[in-house]
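Asks: One-letter residues, chain by chain:
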Amino acid sequence: MLNWLESRTGFVSMTKNFLTEDVPGGPSYWYVFGSATLFAMILQIVTGIFLTMYYAPSSASAWESTLFIYQKVPFGQFIISLHYWGATAMIALVAMHLVQVAVWGAYKRPRELQWVVGIVLFILTLVLGLTGYLLPWDLNAYFASQVSLNITGAAPIAGPFLQNWLQGGPVMNTLTLNKFFGIHVWLTPLLLILLVGVHLIIFRHNGSAGPPRDDRRALKPGRFWPNQMFMDTIASLVVLLVIVILATLSPAPLDAKADPNNDQFVPSPAWYFMGLYFLLEIFPGQLGQLIGTIGIPTLGVLFLILLPWLDRNPSREVRRRPAAMVVTAVFILIAAGLSIGGQSTVNAKADARGQTAPTVPGGADAAKVAAAAAAPLAPAGSAGQSSSSASGPGATVFSANCSSCHGASGQGTPGAFPPLAGNSAVTAADPKEIIQIVLNGKTGPLNVGGTTYNGTMPPWKSQLKPDEIAAVLTYIRSAWGNQAGAVSTAQVQAAAK
Amino acid sequence: MSQAHAEAYLDPGTPEEQSRRAFMANATIVLGTVIGLVIGVPLLAYSVPGKKINELSAEAWSPVDANDWTKLTTSAAPLKVSFTRKTTDGYFAPEGASDYVWGVKMNQTQFDKMKAERTDLFPPDASKSEQVPYASQIYTAGYVIFSSICPHLGCRFAWDDSKSIFFCPCHNSTYDRTGERTGGPAPRGLDPLPLREQSGKAEITWIRYKSSTPDRVIVSYS
Chain A
1 MLNWLESRTG FVSMTKNFLT EDVPGGPSYW YVFGSATLFA MILQIVTGIF LTMYYAPSSA
61 SAWESTLFIY QKVPFGQFII SLHYWGATAM IALVAMHLVQ VAVWGAYKRP RELQWVVGIV
121 LFILTLVLGL TGYLLPWDLN AYFASQVSLN ITGAAPIAGP FLQNWLQGGP VMNTLTLNKF
181 FGIHVWLTPL LLILLVGVHL IIFRHNGSAG PPRDDRRALK PGRFWPNQMF MDTIASLVVL
241 LVIVILATLS PAPLDAKADP NNDQFVPSPA WYFMGLYFLL EIFPGQLGQL IGTIGIPTLG
301 VLFLILLPWL DRNPSREVRR RPAAMVVTAV FILIAAGLSI GGQSTVNAKA DARGQTAPTV
361 PGGADAAKVA AAAAAPLAPA GSAGQSSSSA SGPGATVFSA NCSSCHGASG QGTPGAFPPL
421 AGNSAVTAAD PKEIIQIVLN GKTGPLNVGG TTYNGTMPPW KSQLKPDEIA AVLTYIRSAW
481 GNQAGAVSTA QVQAAAK
Chain B
1001 MSQAHAEAYL DPGTPEEQSR RAFMANATIV LGTVIGLVIG VPLLAYSVPG KKINELSAEA
1061 WSPVDANDWT KLTTSAAPLK VSFTRKTTDG YFAPEGASDY VWGVKMNQTQ FDKMKAERTD
1121 LFPPDASKSE QVPYASQIYT AGYVIFSSIC PHLGCRFAWD DSKSIFFCPC HNSTYDRTGE
1181 RTGGPAPRGL DPLPLREQSG KAEITWIRYK SSTPDRVIVS YS
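Protein chains in written order, with the working numbering: chain A, 1 to 497; chain B, 1001 to 1222.
Only chain B is shown next, with the shape it has when bound in the complex (with noise of 0.2 Å):
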């Protein structure tokens, strides 16, 4: 031991002070251990999001731009309608964000097509019909709503008018009128929104759903 300042660590001491020393050696981890556990748990659960920010927002209905709407009524190809949608975006204040779904006007022929295509959607096994949100309120006056955002992984599709297919510029997923998945690695088909009309005037439910999964499962209204 040539260091500086350490004489006092030249002489073992005495048994019963090596037994102190080994004690306080043990006591001051210990000690240290539990001072880490004050400090360190509540700050792992802090940052953890908690019941209260992952808490599910109440679904909602918003009226469709009416323009929009207008041009869907005579339009063969799906068409966005934008809507304003009611974000709570972390601490800011509720306040309502422009975004938009697909539109796709269909007759009662079409819609017969999409359900027998849509298996997901309108299963054959009527006791299944329960895993589908608002199978009910997918078709109403002639028209589908579709979520605007890509069930495999969140991007945003359009409508490619000369393929007539719905086309995510991510990873190539496609998809048909009717929403059923034609190509690419999405795990189903694209999500129908909740429609129904409100004194003459459509009204849909903005629905966020997990991406990547085979089933439809809620994360947010908003």
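Bound conformation, chain A alone (with noise of 0.2 Å):
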């Protein structure tokens, strides 16, 4: 079969020529950097394409289709989580091949343009982070890209232009979100799978770099395939299960929906631009932000480009050169110093705030959304979008039960059903009315605040578990401005006999 293949495509023998390469001084584990850095970028490439199935980006959108793949989707939740490790890893690995290459001088001649193409790599990778951030639209997206995108339009020059663009006009908005994707799913890859192909060919044309030894006639040439070929697959596997393993003990988070109005987030930047986000606070003002954000940055990828050109070293053993190592070092003493400045930044604001990572996708408002889907018809817009920071069983029987009539922040229905925000018969200090009326139900007319509602309130004791009308009641009770105590299982048992 492989020869009438090859009789008429030449597949095999292309494919054993792809295969067929020396590696300098043998096989090594040293050399796994760059194609598990492109095994990551694999995994990105299948598990974005999948997430893309139920994903749906606008404003209206975004969030509940993203917390409609953790709640209802078959292994949704695995599968953003390794979306979300698998950025950090392509990141950290990106970095790794990065920082090796630059120890062991492989980007100098001839292999600069190889140099460039990943230092452009790497700056595409950056972008796929900070594109992907904003796609599920919750508070943490929502404050963290605005906040990029105003640093963006205070760079002199473009810089206004390049807000509105990414924007899609004058704010952040559906538009914005829209813009992001099309970058994040279709732009950047393709930009970055064109820029692979360029690296290995280069990689190809001018043969694998090696160790770092001036004598190259040493080095015995040993087989890519299959000996370092072999060696690649064990180091992508690892990878894998390292983040399988963090998608599983810790599944990536979805915070409550954007709400431009909340003024009390802290939003915080993914780790791998803490060090931006530092630069921010070392340097106040108009003119710091300006230093700090735009022009530290590009000072130092520019001097990444030029590097081949600077160091004119011809040497690439690394103690032939100390200047280099120490150069090397320092980047990445700053970086991880930025980093962990940058981090502690943020927690410190957090927990000033008392603010805690969501245990729940979705954050809190996320139960009450799953079950208004639940619920027989609501009233349009009840459901979701509440002020009210309540949630638990008592909030999700509420919704479940109870919201259609009585409304989902307790106003009523006029003329029918009575509303439970400040009526005394649901604040009372005695919870024994108020317990008997959910158990046997109620038929009007019935007055409230000196509105007559004709009503008739179902029985609920053969619908509802004792625990259950205890904990809508300790809800109703305390939600929407009122404030009466608890009501326990036990007074709900003992009012049923």
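Since the hints were made in silico from the structure, they are not lab data.
Here a beta-carbon is modelled for each residue, glycine too, at the ideal position from N, C-alpha and C.
Negatives, chain B to chain A, calculated, CB over 12 Å:
| id | residue |
| --- | --- |
| 1 | 1120 |
| 2 | 1182 |
| 3 | 1200 |
| 4 | 1215 |
Covered stretches of chain B (in silico footprint by chain A; criterion: 3 or more residues with CB under 8 Å from a CB of chain A, positions within the stretch not fixed):
| id | stretch |
| --- | --- |
| 5 | 1004 to 1010 |
| 6 | 1023 to 1031 |
| 7 | 1034 to 1040 |
| 8 | 1088 to 1096 |
DMTMM-like mimics (lysine to aspartate or glutamate), calculated; alpha carbons at most 25 Å apart, straight line:
| id | chain 1 | residue 1 | chain 2 | residue 2 |
| --- | --- | --- | --- | --- |
| 9 | A | 465 | B | 1059 |
| 10 | A | 72 | B | 1055 |
| 11 | A | 465 | B | 1055 |
| 12 | A | 16 | B | 1016 |
| 13 | A | 72 | B | 1059 |
| 14 | A | 442 | B | 1203 |
Join these two chains into a complex; the hints should help.
Replies: Right, dumping it as structure tokens:
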């Protein structure tokens, strides 16, 4: 069969040629970083493609569809978490690859352009991280992206235009989501794949750089296939296992839906932007912001791109390049120090507000949305977007059973069903009466706050368990400004006898 | 082997080296397959709508539009009767969408004719009546309600007053006033929906049936 395929396509010999490649000094686990990065990229592309099968980029659906993936799609949380940790893995591996190439002097002639393409790939990876961060449209995504867009806009010359282009208009809104989606899902991945191809073609042209030895004759070549490929595969498997373990033990977080009015939320950038974040902290003021977030990063990138020409030392041996080693070490120390500084600043700010990472996908409000989805038809607009911070089992029981008559905010239905908010029967110190009404129902007319209500409250004792009734009573007695004590399951059981 | 950077492939090596290479080649293929499966199997399951997505939503009574119903009480021809259908559209919060069903006013004689004609709904063999959902709720207070969806392939049909038939524009299925198929490719007659009177108001239950099958299979209540 292979002969048949070969005679018609030449694919077999093409594959053989592709896999036939000397590895100077023989195969080594030191050489796996490039291929591990490639593997992480493939994982990101594959999981990303499948995420678009449910995800919908608009301000009305981005968060909702993301939450849907967590709650309703088989393995949904796992796939999102693979993509989340895959991003971290990819950036970490790109960084390791870059540092190794720098330390081993592999950017030197004739591989200058391979290095330059590599730096562009590094930047594209960061662009993917930045644009992907907005897509869930949760509180953190919203405010973190708002900050990065305004930093962009403050840049001299092209800044205002770039911000307008990225936002898709004068402000950040649903058009921004669409723009970021296009950049994250189509533009950057296509450029990335193209440039990875260029990176590999240049790699094949010059051959593998091998270990940092100036005496090339001492390096006996080994085989890429199967020897080095075996090690690369092991490395990819290890990378995958680490990502799978992280995705299982620490799933990707999803906060409450983006709420532009939230004035308490402390957004935090992804870990790989913590350094930049801290620069913003170190350099205060208008000028400081320019220096910290645009000046220094631009100089850093320029330095990296020009490195093959700045470093005139012909040797690749580590001990013959003290200056390069010092510069590399300083670079790494600065990056690590800034990142740690940024992280502790964010942590301190979040701690000051008692803000913790969301434990439930979608934050506390998500449970209410899920309950509303299961509830009978409620008046339009009542589901979800309540400003009440209450959550828990009582809220869930309420949205599923009570809100369609008494309203999502306990406002009631005029003429038929009384409001619960500010209703003295609900907030009475002794909950006996309200327990009875929920257990056995009530038929109007009923006078609440001077208004007559004529609806029928069905008995709930056969529909809800005592603990559910206790939870929902506790909820309605403490929500929407009501401030009455909790009702226990025992009280409900006693009343039901 | 004239390829550049392929020196290592010139010497086939010792038998030990060859067997070592064969092992690594096989191990690479096996481990590569493992990687593919660890990623591929969850992705495949992920792309198949699971239990939580396919779950049948609860059936519910919806009151019909009062004006439409008043018109129907005096109409000899079938009329569109609007109502608010609870829709659960994927990840969107459930909401009410305006929809309609076909209402047909029938006296007892007309309904008896329907009963005799529509053996799919009222089988002569009583033991089979279990197959028809809501057989007892089809005729309520002198009215029959039909789903507005053509049982053939899901288009929307309409009443043609000049010919006194329900006509579906997609594939020319036709039905008479009792919903019996009179022409075209449809595999069954029109689908009746449960109708009840509640405090003097008409209420229906919206049901979406599987299309193209002779039997009525409930697909969704929304």
